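Now for the letters of each chain:
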Amino acid sequence: MIQYSRFELQNGLRVLIHEDVSSPMVAVNVLYNVGARDESPEKTGFAHLFEHLMFGGSKNVPDFDEHIQLAGGDSNAFTNNDVTNFYDIVPKENIETAMWLESDRMKSLDFSEKSLEVQRKVVVEEFKETCLNQPYGDVWHHIADMAYEVHPYRWPTIGKIPEHVEDATMEDVKDFFHKYYHPNNAILVVSGNIETAEAFKLVKKWFADIPSGERLKRTIPQEPPQKEIHFRNQQAKVPVDALYLAFHTPDRIDKDYYATDLLSDVLCNGKSSRLYRKLMKELKLFTSIDAYITGNIDPGLLIIEGKPAEGIKLEDAEAAIWKELELLKSELIPEVELQKYKNKVESALVFAEASILNKAINLAFFELLGDAELINEEAKFYQAINTKDIKRLANKILTRENCSELYYRAEPIDETD
Amino acid sequence: MQIPDRTIAPLKKDIQKIVLPDVENLHLDNGIPVGLINLGTQEIIKLEIIFNAGRPFERKKLISRATGKLLKEGTKSQTAKEIAETIDFYGGTLSTPVNLDTANLTLYSLKKHYEKLLVVLADILNEPIFPQAEIDSFIQNSKHQLSIDLSKNEVIAYRKITEFIFGKNHPYGYNSDAKTYEAINRDDIVQHFQKTYTRKNCSIFISGKVDTQTIEITNKHLGNLLPAGEKMLPSFEETNNVPGLVKIEKPNKVQTAIRIGRKLFTRKHPDYKGLNILTTILGGYFGSRLMGNIREDKGYTYHIFASIDNMLHDGYLNIGTEVGNDFGNATMDEIFKELKKLREEPVEEEELKMVRNYLMGNILNALDGPFNVADVIKSLALEGLTREDFYENIQTIQNIRPSELQELANKYFDEENMWKVVVGS
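Respectively, the protein sequence lines represent chains S and D. Going by my numbering, the letters in the first sequence line up with residues 544 to 960, in that order. Going by my numbering, the letters in the second sequence line up with residues 659 to 1083, in that order.
The shape of chain S in the complex, shown without the other chains:
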C-alpha cells in the first residue's frame, strides 16, 4: 500500500508526494504528457530527440548535469510512445537543487543551436547503435509498421528513419516546447525521505509561477480493427531465423488490460510457462521463446517471439505456436495455473515498491491514466480475473485476422570472425 498526497497548482501542474523515510534519497520525477504518438509522420523520433535537448541548458542553468552531480545526485529520462519522463535522484539534503533544475527547464528552456546540432548527431548514433548495428535491431520497425496502418504507433520512438532526426529544425524545437512542455501538461512526483508539507512548500515555491500553456487537444487517429492477417517475409544479415507474432490488445484503461497481461504470462512468463515448456523444452522447436504485452495507453500489442532451433522451419515453428494458442481458446486453463501467475504478479508488485524511483514513476503514470490510486488497486484487479476471462480473451485476441506475422530470415553471412 503506497500512501501519497495529491495537489494541483493553479497553473494546472499535478503534484504527488510520497514519503519513504527508509531511504536517504529523494526522487523527483517529471512526466510530460507527450510521446512519439504525438509526432507528425514526416517528423518521427522528435519527442525522443527533444528529451535529449532538455539536458542542453535552460535560462538560468547552462549545464543541467553539472548541478545534479555537484548535488551528489543522478538524473536521466526516457521517452516512449506515450510519455516523456525525466527523473532526478538526490540526497535528501539537496532536494531543492532538483526542484530548481526541473522548474527552470519547464519554465524557460534555452534553445541552444549547439545543443540541437550535437544531439541530432548523438541520437543518430543511438539509432545506429540500437537499431541498425544490432542483429534483429530493426524488428520493432517492421512489427509497428505491419500492425498499425493509421495510428502513430506505426513508428518506433527512436523514429522511422534517421533522416527525420537529422532534419529537425530549431523552429520544430520551439513549437514542440510551447505545445507540450508546460505545467498543465505535466505531472510532478516527489518520493522519498521528505515530509509532505516541506515537499509541497518547495514545489509551490519553484513551480507555481510557471505560466500554464494552452490546453492540449489530441487528435490521434485510432486504429480500426484489423480484418485479415498481415504477413511479412524479411531477409537480414542475422545468424539465425526469428519469428514474431503481434496481436492487437485492449488499451491501458480497458478492464481487460490485466487479463491480457495474465494471458501473455500464461503463454510464456517463466520456465514453467506453456510455450517455454512445450515448444522449447519438450519439442525442442525453439532455442528461445517469449511473450509479453507492450502496455501502451492506446490499444497495444501482445507479442510472441522465438528463434527456431537449427533445422526447424519457420512455418513449422509457427504452426506449433498456433496449436498452443488454439488450446487456450478451446479449453479453460487449470485454476492452479492461473493462481501461479496471480502469485507472480503479487510478488512483482511488492518488489516494485522497494524503490523510491519506481514508485515515483508509477505514481506519475497512473495519475496520467486518470487516477494515481490505481497503483494500489492493480493487485486487486489481477486477483479478480478468472479462467473464463483468459479463455474469452484468448478467443478475442489470439486470432489470425488480429495477427501480424514477421518471418525474419537469416541470409548467409559472408564474413568471418
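In short, the hints are calculated from the structure, not lab data. Small disclaimer: the values here were computed from a predicted structure and weren't measured. Some hints here could point you the wrong way.
Said to hold, decoys possible - Where chain D lies over chain S, by a calculated footprint (3+ residues, C-beta under 8 Å):
no. : stretch
1   : 716-726
2   : 934-941
What the hints assert, rightly or not - Subject to a maximum C-alpha distance of 20 Å in a straight line, what follows is the list of computed PhoX-like cross-link-like pairs (lysine-lysine):
no. : chain 1 : residue 1 : chain 2 : residue 2
3   : D       : Lys670    : S       : Lys824
4   : S       : Lys635    : D       : Lys931
5   : S       : Lys872    : S       : Lys827
6   : S       : Lys866    : S       : Lys939
Claimed, not checked - Examples of chain D residues lying across from chain S (beta carbon under 8 Å, computed):
no. : residue
7   : Thr665
8   : Ala667
9   : Glu701
10  : Phe747
11  : Ser805
12  : Asn811
13  : Val813
14  : Tyr816
15  : Gly881
16  : Asn910
17  : Gly945
18  : Ala1024
19  : Gly1027
We treat Cβ as the ideally placed atom computed from N, Cα and C, and that holds for glycine.
The hints should help you fit chain D onto chain S, whose structure is shown.
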C-alpha cells in the same frame, strides 16, 4: 505568489557522513558463514548463496557456466519442470548467475513463501542430476545465442580486449566458440559440482526483512547440506602479450566498436581507490571528460565510458564506445588526448569537487535499500576487504589532491601499455 530567484542556485550541502549498515555474522550448523542484513520496509527476502566455483577452478573451459546453468534442470526427486512450477507458483525468482570467480544461487522471495522456496533450493543443491538431455539442450541453445552475440561488433571487441589483456587460456581472458560448448560433457559438470559446491567454498548473504525465524528456517533447510570439501585454490596461466593495436574489419556495419584497456589490479591494491576516482573523471559518469568531449561536444557517439573492472584476483581498465564509422579514428585520437591531458595537467578543483560529490551521492544511493546494502557488504567480504576499507575509500574521495591524481595518471594512463581493439570499418 512567491517568485523564486532563479538566478541563484539553491545551496548544495555536501554529504559529510555515510554509514555502512551493520551486518550480523553467524554460521549455519554445517559451518557455512552467513551475513544477515535486516533492513527495509517490504516483506521481502533476498538469499544469495555463493560458491568459489567460477572459472579459476575449472578443469575445462565453460564448465563453471554449464554447471551453474544446469543446476535447476532436475534432481533425484524432481524434474526440471516440477522445479520451475514450484518456483513460479510461489512467485519466487531463482537465478544461478555464474560470474568469472563465483557461481551463485540468488533467490528473491516474498517472506511468506520463503520456506517453500528454500525447500526447492535445498533439493537443487543436495541432489542435482544434470540430465544428459538438458546438457544437450544447454549446448544447442548456447551455441545459438553465441552466434547471435558474435554478430555484434561490441561483443567481439570486448572478447578480444580481455583475451589480449589476460591471455587466451587465462580464466578471465578465454573466449568460447561452438567447439568449446560441444566439448562439454556430463562428467566434467558432475566433477566440478562435487569439488566446488561444498561447505568450505560457500558463503551466504540474506537481506530484507530478516528475523530469527528467517534464520531458523534457513538453518533447517541448508544447515546440514553439502559435503565439507576442500577449499579451492585458483590457478592462472599468465600471459606475456605485448600491448598493441588490433583491427578487425567488419565492412557491413554502420558503427565501429572501440575498446582500450590495460591490466590493473584488485580493489586491495593501494592505488585502487585513487585510480578509481581518476577513471571516473575520465569516463565514469555523465559529466566525464570522454562524455563531454566525444558525445556532448562532437556528437560522435551515444555512449562512451571508462571503468575499472575488478575480479577477485585481478582487474583491468576498460574504455569502450561505439561510434559512426566516419568517427573511428577521430574518437581514438580524442581518447588518447584526454589521457594525455590527465597526465600533463592537474585536475582543477572545481571539476574535482563535482566528482567528489557525485561519487559520494553514488555511494549513498548504493546503500539505499536492503538488497543494495547486501551487495556492498558481499563485495567487501568476497574481495577480502574490511569496513575500514569502505571508510578509507570515502576519505580518499573527500581528500585526494590533484597532484596525486596526476601521479596516478602518469603511472597508469600511458599509451604504451594500452591495448587497443577496433572492430568495424
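Comparing the hints with the structure gives:
no.	hint	result
1	716-726	violated (count 0)
2	934-941	violated (count 0)
3	D:Lys670 <-> S:Lys824	56 Å, violated
4	S:Lys635 <-> D:Lys931	26 Å, violated
5	S:Lys872 <-> S:Lys827	23 Å, violated
6	S:Lys866 <-> S:Lys939	16 Å, holds
7	Thr665	5 Å, holds
8	Ala667	6 Å, holds
9	Glu701	7 Å, holds
10	Phe747	5 Å, holds
11	Ser805	4 Å, holds
12	Asn811	7 Å, holds
13	Val813	10 Å, violated
14	Tyr816	13 Å, violated
15	Gly881	26 Å, violated
16	Asn910	6 Å, holds
17	Gly945	5 Å, holds
18	Ala1024	11 Å, violated
19	Gly1027	6 Å, holds
In the structure shown, a violation is registered for the earlier hints numbered 1, 2, 3, 4, 5, 13, 14, 15, 18, in ascending order.
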